[in-house]
Amino acid sequence: MPLSVHRERCIGSGTCVYTAPEVFAQDEDEGLVVLLTDGTDQANERAVRSAVERCPVAAISLDAP
Amino acid sequence: MTEIDTPSPLRQDPPQFPMERKCPFQPPAEYAVMRAEEPVAKVRLAVSGKEMWAVSRQEHVRQVLTDPTMSSNFKHPGYPLQVPVPDDILQAMELPLVAMDPPVHGRHRKEIIPEFTLKRMQALTPRIQKIVDEHVDALLAKGGPVDLLTELAIPVPSLVLCELLGVPAEDIPEFRDFAETTVRSDVTPQEVGMAIHQMDVYLDKLVTAKEQNPTEDDLLGRVVLKNTEEGNLNHREIVALARMLISGGFDTLTNMIVLGVAALLEHPDQLAQMKADPELTRNAIEELLRFLSIADSAPSRVATQDLEVGGVKIKAGEGIINLTASANRDETVFENADQLDIFREIGLHSAFGHGVHQCPGASLVRVELKIVYDTLFARIPGLRLAVPVEELPFKRATLIQGLDALPVTW
Numbered sequence: 001m002p003l004s005v006h007r008e009r010c011i012g013s014g015t016c017v018y019t020a021p022e023v024f025a026q027d028e029d030e031g032l033v034v035l036l037t038d039g040t041d042q043a044n045e046r047a048v049r050s051a052v053e054r055c056p057v058a059a060i061s062l063d064a065p
Numbered sequence: 001m002t003e004i005d006t007p008s009p010l011r012q013d014p015p016q017f018p019m020e021r022k023c024p025f026q027p028p029a030e031y032a033v034m035r036a037e038e039p040v041a042k043v044r045l046a047v048s049g050k051e052m053w054a055v056s057r058q059e060h061v062r063q064v065l066t067d068p069t070m071s072s073n074f075k076h077p078g079y080p081l082q083v084p085v086p087d088d089i090l091q092a093m094e095l096p097l098v099a100m101d102p103p104v105h106g107r108h109r110k111e112i113i114p115e116f117t118l119k120r121m122q123a124l125t126p127r128i129q130k131i132v133d134e135h136v137d138a139l140l141a142k143g144g145p146v147d148l149l150t151e152l153a154i155p156v157p158s159l160v161l162c163e164l165l166g167v168p169a170e171d172i173p174e175f176r177d178f179a180e181t182t183v184r185s186d187v188t189p190q191e192v193g194m195a196i197h198q199m200d201v202y203l204d205k206l207v208t209a210k211e212q213n214p215t216e217d218d219l220l221g222r223v224v225l226k227n228t229e230e231g232n233l234n235h236r237e238i239v240a241l242a243r244m245l246i247s248g249g250f251d252t253l254t255n256m257i258v259l260g261v262a263a264l265l266e267h268p269d270q271l272a273q274m275k276a277d278p279e280l281t282r283n284a285i286e287e288l289l290r291f292l293s294i295a296d297s298a299p300s301r302v303a304t305q306d307l308e309v310g311g312v313k314i315k316a317g318e319g320i321i322n323l324t325a326s327a328n329r330d331e332t333v334f335e336n337a338d339q340l341d342i343f344r345e346i347g348l349h350s351a352f353g354h355g356v357h358q359c360p361g362a363s364l365v366r367v368e369l370k371i372v373y374d375t376l377f378a379r380i381p382g383l384r385l386a387v388p389v390e391e392l393p394f395k396r397a398t399l400i401q402g403l404d405a406l407p408v409t410w
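Just so you know, the protein sequences line up as chains A and B, in that order.
Reminder that position 6 of the first sequence reads as 6 in UniProt numbering, one-by-one numbering, no gaps.
Reminder that position 305 of the second sequence reads as 305 in UniProt numbering, one-by-one numbering, no gaps.
Just so you know, these hints were derived from the structure itself, not from any lab.
Just to be clear, a hint being listed does not mean it is correct.
[As the list claims (entries may be wrong)] Label-pair restraints from in silico Cβ distances:
(1) ARG7/A <-> ARG44/B: 23 to 33 Å
(2) ASN234/B <-> ASP29/A: 18 to 28 Å
(3) GLU8/A <-> GLY49/B: 41 to 51 Å
(4) ASP87/B <-> ALA43/A: 29 to 39 Å
By construction, the Cβ of each residue, glycine as well, lies at the ideal position given by its N, Cα and C atoms.
Generate coordinates for the entire structure from the input sequences, incorporating the hints supplied.
Printed below as a string of structure tokens:
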């Protein structure tokens, strides 16, 4: 399932990294979200959905297939 | 005339705000009534007598905190200040990050965000662990009963924050006084004014010293150094940033430690499972943040345009209080919301706020609480309350909920 990140909205809360550490990280220079994978598989889909819901500024989205 | 057509205790005469907790673990009972009967309600601020709106359902708290027409500007006359800041001091002060609006807010926040990434906070683990171990050694040597507040919950976060920011640990009493005064609603304007003034005098000296001897060893040093080179923030703006990091980082972790430990001790079955599997602590922390909601409300907002929230018309210039402690008990979002359940799949709690102002220190809180809870329960497996839970003295008239002491033994 494809994932998108919107770095222009990101405020570096780190919530996604905490919720789904296999999928999201923060870059060192700006502390903003980066994707570690270009999609999500069944193993981490639940964590990714939770991260999307918990992002305070809707900076990550799970696109419909 | 809708007030007369639909009589309700909350509507006839705006109830006073803040409302008091009757138990340190539970938000004021009025919040559940508000969520059910009048989710967007008028309240009267005890500190000023002014009428404000209060929103108590999660959907409305989220709406208000993410609406770009909602301002965080403390200086706006409609802003629901809950602490009596004298107006001359308020108008003259350099606003902290929490009181800025976009795009200025984003420019300032950018200066500290890379400093607070989860990875950088996790890298502090060995140092935090050492500080926690030393304090646990000391209280074990002392023998029970001890006050966990003074022996652990106050000194540990204070020391961690001082090291991180680069401020001398011997100045901690001065910060504590400031941090406590500026979150109380029962202090005089003179006391608040004096605390802000003393803090700014102190931080002005500290930042000046760092400007004269630039260092990369600590957070404030790096912010100063970067701004000497790039000139994004001026001296006064850096002082205001330091003031906010200190006021935001002192009482919050202290109270999450004491209330969190007390809540876990009151739920021995869940605690036993957490002790057996420290992986559970991560989830338990999120649940404790939701359940305890020590910051009863997120920073307030003032409307810059007319808008509608939950079918209620709010006019430009009117202030809104966001009851996060209520949103975190919203039954439509959390099943059995009033129960602590460390196994709960955590959805969206708003203990750190929501939207662009969400607490920049959230990752530090998560990392530090994990080390404190795991270490405490692993090293003192027989830890228990030294007084009945009903006798725990809890703080009153404060914006950050907590305890005045946590007597424990083992």
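Hints versus structure:
Evaluation of the 23 to 33 Å hint for ARG7/A and ARG44/B yields a failure: the beta carbon distance comes to about 43 Å. Between ASN234/B and ASP29/A the C-beta distance comes to about 23 Å, which sits within the given range of 18 to 28 Å. Separation of GLU8/A from GLY49/B is about 42 Å and conforms to the stated range, judged on CB atoms against 41 to 51 Å. In this structure the hint that ASP87/B and ALA43/A lie 29 to 39 Å apart at CB is violated, the actual value being about 57 Å.
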